[in-house]
Amino acid sequence: MHPGKYVSSFVNSDFEARLCNEVKKLNFVKVIVIHNSFFFEPDKGLRLTLDFIRSNPGFASGYLVYNPHYIEKSVNIIKDNFGRNGIVGVKMHPEDHRCYITDEKYEPLWKIAIEKNIPVLSHTWNPDVASSSQKYADALLFESIAKKYPGLKVILGHAGAKDYYYYKVIKMLKKNIDKNIFIDIAGDIFYRGMVELFVSEIGSEKILFGSDSPWTDPLLTLLSVLRANISKKDKQNIFYNNAADLFNL
Amino acid sequence: MIENIIDLNCWFGNHYLSEELSVDEKKLKGYHDYLQTVCKNPVITLSSYYSLFCDPVGGDEELGEFIAGYNFLSGCLIFPNCFISREDEFVSYLEKKYLNGFRFLRIYPKTHKYLADARSMGSIYNILDMCSFPLVINIDEIDITGNKVIDWTMVMDISDRFPNIPIILDGGNAKELMFNGYFFQLLENCSNLFLESHNLLAFNQVEDISGKFGASRILLGSNFTVYPAFLSVERIIFARIEDIEKKKILADNARGLIEGIDFERIKGI
Chain A
1 MHPGKYVSSF
11 VNSDFEARLC
21 NEVKKLNFVK
31 VIVIHNSFFF
41 EPDKGLRLTL
51 DFIRSNPGFA
61 SGYLVYNPHY
71 IEKSVNIIKD
81 NFGRNGIVGV
91 KMHPEDHRCY
101 ITDEKYEPLW
111 KIAIEKNIPV
121 LSHTWNPDVA
131 SSSQKYADAL
141 LFESIAKKYP
151 GLKVILGHAG
161 AKDYYYYKVI
171 KMLKKNIDKN
181 IFIDIAGDIF
191 YRGMVELFVS
201 EIGSEKILFG
211 SDSPWTDPLL
221 TLLSVLRANI
231 SKKDKQNIFY
241 NNAADLFNL
Chain B
1 MIENIIDLNC
11 WFGNHYLSEE
21 LSVDEKKLKG
31 YHDYLQTVCK
41 NPVITLSSYY
51 SLFCDPVGGD
61 EELGEFIAGY
71 NFLSGCLIFP
81 NCFISREDEF
91 VSYLEKKYLN
101 GFRFLRIYPK
111 THKYLADARS
121 MGSIYNILDM
131 CSFPLVINID
141 EIDITGNKVI
151 DWTMVMDISD
161 RFPNIPIILD
171 GGNAKELMFN
181 GYFFQLLENC
191 SNLFLESHNL
201 LAFNQVEDIS
211 GKFGASRILL
221 GSNFTVYPAF
231 LSVERIIFAR
241 IEDIEKKKIL
251 ADNARGLIEG
261 IDFERIKGI
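Here the protein sequences line up with chains A and B, keeping their order. Going by the working numbering, the letters in the first sequence line up with residues 1 to 249, in that order. Going by the working numbering, the letters in the second sequence line up with residues 1 to 269, in that order.
Chain A extracted, bound-state conformation (with noise of 0.2 Å):
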């Protein structure tokens, strides 16, 4: 879930006011969230990250975003806000930032995570679309980055996203079961069999719930589980224990 504004979208939507007590409304237990600013602005992003927190104790906890342009104040964020005042994981963005996955530039990231335990979740996105910015953010580039850090505890945001990319996705997870690579079905990813696909090809344990709002409607992600055709364990590994064993919740 992203509070915060962004001003390329939602233009005259009031989201932030309405966002968490729908959530609720829909029985959401807890939601780790990523501040919208935090992508863009480190220090403000903290700072409404912890306020979102403290505003919603209890439920809310979050993420602070790793920047592969200010390394070393990243890293010191990390150093000083993981584990504390329910700051749970790190969130990349290689599009936004305009990062390979695959970049030195994120080596300090990995090393981090794998000493304090930490689990990442990236953007990432099929590579083959007009956006030519999504090519940075290709699901596909974990595999070598898991081969390197077998330790790594990495969660693949999106799925790989659109256009059916999810089908490669599910063939480099299968060859790389082993590793601690997740995925999330946040997102505008509603295809028809995706969520039965990955639980059948990959297992329900790898499979986190994400809902990406407000860039989609909880609702419809929520829909998109409960209406899927898998078990009711398959259901509550996706909406509750795989995230309570990754991030200790």
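Treat each hint with caution, since some may be false.
Using 25 Å as the maximum straight-line C-alpha spacing, the simulated DSS-like pairs for lysine-lysine come out as follows [to be verified]:
(1) A:5 <-> B:212
(2) B:246 <-> A:24
(3) A:162 <-> B:110
(4) A:24 <-> A:5
(5) B:27 <-> A:135
(6) A:25 <-> B:27
(7) A:135 <-> A:111
(8) A:135 <-> B:246
(9) A:135 <-> A:168
(10) A:162 <-> B:246
(11) B:148 <-> A:5
(12) A:162 <-> B:148
(13) B:175 <-> A:168
(14) B:27 <-> A:162
(15) B:148 <-> A:25
I should point out that these hints are in silico values taken from the structure, not numbers from a laboratory. The structure presented is a predicted model; accordingly, all values stated were derived computationally and were not measured.
With chain A fixed as given, assemble chain B onto it according to the hints.
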């Protein structure tokens, strides 16, 4: 249980790139069965993959024969570019298709390579305007670069010059959740503009649009089989709006547009 649903965005036939996306009679029946679990009288409006990819005239001929066999099906024509500069023939084609059960017309200017602006397509739009035949424009088809550089002003211009055409924007595969700013401007300025619902995915997008412009501006589209059957329908069923507004989106708005089609106005000219 809901009384009526009209889905105006369901596809039929073989998709040449994916068996998953292909819709045969059995898959369609499964979708209809699902709709019957939430609604007494579902109507599914089919568009033909064959018309889109290969031959709009031949594809819609076949589709017309198919939908004639079912009382819960109607059709959405794909505009055949062979009628450009043959508008006299298009009038009789359109009327014949209307009598075959087609209630909407889609244009694919990018895929089928023609101009869709009000000037270039004026004679065709004029026919639609005279009989108030609903026009569906897929946003991907007016995305100039493929990267969200969408020709919104062209839509506004068509709306201005042909105020009796109900223009329905179909989100296609576009990232519509980014476009509230554009939508608000279009809906504010174009009273004959409507949004098909399947890609109104952002948080509260359906509720915000409905609240500001009225639920009458949104029409249900499932995008089946790309999206699962339940997704678009249940997004509206569980929307944070009044039941009367849900009713409009699920069927009443589409029915209103269909009932507004009037070929007598063309004959009178």
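Quick rundown of the hints versus the structure:
Taken as a hint, the residue 5 (chain A) and residue 212 (chain B) pair is honoured in the structure, with Cα atoms around 21 Å apart against an allowance of 25 Å. Straight-line distance between C-alpha atoms of residue 246 (chain B) and residue 24 (chain A) comes to about 22 Å, which keeps the hinted pair within the 25 Å bound. A hinted pair counts as satisfied when its Cα atoms are at most 25 Å apart, and residue 162 (chain A) with residue 110 (chain B) qualifies at roughly 21 Å. Restraint check: the Cα-Cα separation between residue 24 (chain A) and residue 5 (chain A) comes to about 21 Å, which is no more than 25 Å; the hinted pair holds.
The straight-line distance between the Cα atoms of residue 27 (chain B) and residue 135 (chain A) is roughly 35 Å, outside the 25 Å bound, and the hint therefore fails. For the hint linking residue 25 (chain A) to residue 27 (chain B), the alpha-carbon distance of about 34 Å lies beyond 25 Å, and the restraint is violated. For the proposed pair residue 135 (chain A) and residue 111 (chain A), the alpha carbon gap of about 24 Å is at most 25 Å, so the pair holds. With a CA separation close to 40 Å, the supplied pair residue 135 (chain A) and residue 246 (chain B) exceeds the 25 Å bound.
Among the hinted pairs, residue 135 (chain A) with residue 168 (chain A) is consistent with the structure: their alpha-carbon atoms are about 15 Å apart, no more than 25 Å. Proximity of residue 162 (chain A) to residue 246 (chain B) is assessed by CA-CA distance (about 29 Å); at most 25 Å being required, the pair is judged violated. This hinted pair checks out: residue 148 (chain B) and residue 5 (chain A) have alpha carbons roughly 20 Å apart, not beyond 25 Å. Between residue 162 (chain A) and residue 148 (chain B) the alpha-carbon distance is near 15 Å, which keeps this suggested pair within the 25 Å criterion.
Only pairs whose Cα atoms come within 25 Å are accepted, and residue 175 (chain B) paired with residue 168 (chain A) is accepted, the gap being roughly 22 Å. Annotation: proposed proximity of residue 27 (chain B) to residue 162 (chain A) holds, straight-line Cα distance about 23 Å (limit 25 Å). A distance of roughly 33 Å separates the Cα atoms of residue 148 (chain B) and residue 25 (chain A); the hinted pair therefore is violated under the 25 Å criterion.
Comparing the model with each earlier hint shows violations of hints 5, 6, 8, 10, 15; every other hint is respected.
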